[in-house]
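Novice: As a plain string of letters, each chain reads:
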Amino acid sequence: MLQRKSNIFLWCVAANILVLTLLFTHAYIEQKKVLPSLVQRINMVNDLQLTDLSLFTDARYTRHPSMADLNTAFQDHPLSLEHFPSGTFIAPPRHLMRNGLD
Amino acid sequence: MVWIEKQRNILDFALSSLLRRWGKNLALVIVYTLIVFILASIFFLSHSIKKEASIVLQGSPEVVVQRVIAGRHELILERYMDDIRKIPGVLAVKGRLWGYYFEPATGANYTVVVTDASREKAGSITIGAGVARVAGVQKEDTMPFKSSDGTYTTLEVADIFSHESELISSDLVEISEEDFRKLFSIPEGSFTDMTLRVRNKNELNVVADKIRRYLPDTRPILRDEILRTYEAIFDWRGGLLVVIFTGAILAFAIFAWDKASSLSFEEKREIGILKAVGWETSEVITMKSCEGIIISLSAFLLGVILAYIHVFFGSFFFFTFVLKGWSVLYPRFTLIPYVDPYQICALFFLTVAPYTAATIIPSWRAATIDPDSVMRL
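Chains as they are written, first to last, in the numbering used here: chain A, 1 to 102; chain B, 1 to 377.
Pulled out of the complex, with its shape left as it was, chain B reads as follows (with noise of 0.2 Å):
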């Protein structure tokens, strides 16, 4: 108890010390809270979204194949199926037809997707919420489309994906054969690429091999792939956010070093009066310790407490204008909250740690000099 009383008595002295010289420290604490906040929405938006990536792409398809000429994906045909079904562990391979198509009114870009329920409903769509809102159409209106010889082909909008679904969903327009083949001039018989379902999964880099091998002009994607390329553009470390902060983090950095490791005048003053009315070294440091303890949790808790608003209730509002880039159509969705427990310490000991050591080094010194040479300063 005599121990907890002491420790007590020792935060109470650090926080009448901060308070003497409450503006300067409040303006660290906010800068502090502002660097914390900023990495966290970082860290709590690529974490949810590399997450959700990771579970509703589990759904793509196993093997993708393209084919690629002079380094552009190109359109493939269907003799190709025959040669992969000939592969031993491919149980089916199925034609794919998608596409881009930009609409000069709204300046958006759709992608049309030809799938196993739409392929045979000739003259209507479904079409995503985004769609649906840059076009300004509801359900049973209809839309124009300009076909690549210039003739119009007008489709009815039978459906609208739902708003949870927007994250997949939002640019797509699910439209029949028929109409992709009449809209964008595709031949029968040629289709965008190809997926494949193989029998046995431990034998999917088997198969890619032989597909690269028997046709050299393909290039296979395989469903790992597509996951880790989720993974790899949403690390933290590779998003131009990062670079940007990066030096906000480093100036704030030598800003806080400075604060934290060299004393002022005033400062060592007080640790001088401190050790001459019998106060040990131990207990100077303690207590300037406590201070830099008090910055740094209170800048720490405060900072991941507003990025999780930020993210989760305030839709990453400071973050829409570079995920938005020139996109006209972009989702509207609300992030699953994903919270990664390694990140929030990972970032507790990058922000609490180096401040609070920061500040025990000057105060040693400070409190090892004769009391009565420091009060002379």
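Just chain A, same shape as in the assembly (with noise of 0.2 Å):
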């Protein structure tokens, strides 16, 4: 069955396919399997009144993106560069792209 050279790529490609499957099955079944926990974590941010998630705590801009000062990201000196990594990982939030106050 394999002695063909298309028999075994087309096998190759099977198997790929089925794992890749097999990988948005898992998706699918943790999303399904953390509902709890993520309705959990609504309602810690609810009681804790959160705005932001603490994935960059090197700068206040960064730790709360959504909260940070319009003058973001020149707010240590008006001709000061963005100096943070994750400053520049991360585009600058879309109020502060606006023109004028939002």
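None of these hints come from the bench; they were simulated from the model. One thing to keep in mind: the hints can contain errors.
Here are the simulated lysine-lysine pairs, PhoX-like style, with alpha carbons at most 25 Å apart [unchecked claim]:
#, chain 1, residue 1, chain 2, residue 2
1, A, Lys-5, B, Lys-259
2, B, Lys-24, A, Lys-5
3, B, Lys-268, A, Lys-5
4, B, Lys-182, B, Lys-139
5, B, Lys-94, B, Lys-259
Some, not all, of what chain A presents toward chain B, calculated at C-beta under 7 Å [claimed, not checked]:
#, residue
6, Phe-9
7, Lys-32
8, Thr-57
Glycine included, every Cβ here is placed at the ideal spot set by N, Cα and C.
Each chain sits in its own coordinate frame; assemble them with the hints.
Specialist: This is the structure:
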């Protein structure tokens, strides 16, 4: 059965597609599994009145991008350049790129 | 059946042809897989963080009102609460107390918050798992905090937030109102900002407009804006990672285009021989397209599988150094695997289709030349 090269290739593709399907099934199962803990986290955000994820703790405008001053990222000095790596990894909040006050 | 058998024979021939130049083609598949892997990893990571933020932050305040002085966030006074309460449609106004505490011993920044649950519990704190890790403390240990007047306040760790909630609570220190005011010398009647609840959700913008008009030195931030912020900052087109990898992707595109769109002398000769032994132009083109599909499809499937494993099983270790930035305190979390089918389809059409299409034109050109003249080259 595996004597022909095309058979070997088609079996490899089928195996890859199967693995991919299994991984996407894993994603679906995990999404269902974490629902209770997700609800818990929503309640926690509500109870603690949080506004941001604690992903980047190096500067206040990366820790709380949604609460950042309107003059971020030039807040330290009018000519200072952005110096935190995470500040360059994330794009500026949309409200900071609009003209005028939101 | 005859048609299928014919296609399989062409596929067999295409595979043999690729194997004759296996070194070159293997290098191409490896680089191709790497590019798909990087792109798919960025897609998976940004989409999952964005999705989780959009779900979890549904619980965030409907409206936050900040006071702004000289472009800077300033403490807001209690009288603002009274003014806001008078706006029709406002259901409740609450002063929020929160701030940052820099711990010189570890170099970490904590986010200190006062909540309804902790307001009255003077002397004790609840900390995030990240704080516990960095400070090396456990439940019932004590943590010293340096007040703004230089004195030290020692607080007992009453509890630690669960590890599952690290993405939102890693750097949190939940503290009582009394301790917070003492620590940062914040006078009674002043708050960091305010949160509102509005009776009718459709009136949120109207209420925000009124706040701006009545209290011009304030800035209302709606929940929708908070959610949009996360939508924007993790937009895959906006990240620095994509900017860095754009160079690599372009270099690969040139390499792949050159490889796919120009035939070597050997390949031209091969096509000439095939034509001489009776292959039709359409069969030659099918064979060349098969070569393109074999390379690009293999790279796409392998790249996406490896990216999924990297992001959701391997805690995106290749990107950790960028995500961590200069943070001393970084949450340890496992992402919920949210996969966007649109992104997978886009990646498929961006990687498989162009490469396969690029192989067709030069092989059509070579296949339409007289076999005799091609073999004499």
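Novice: Hints numbered earlier in the text: which of these fail when held up against the supplied structure?
Specialist: 5, 7
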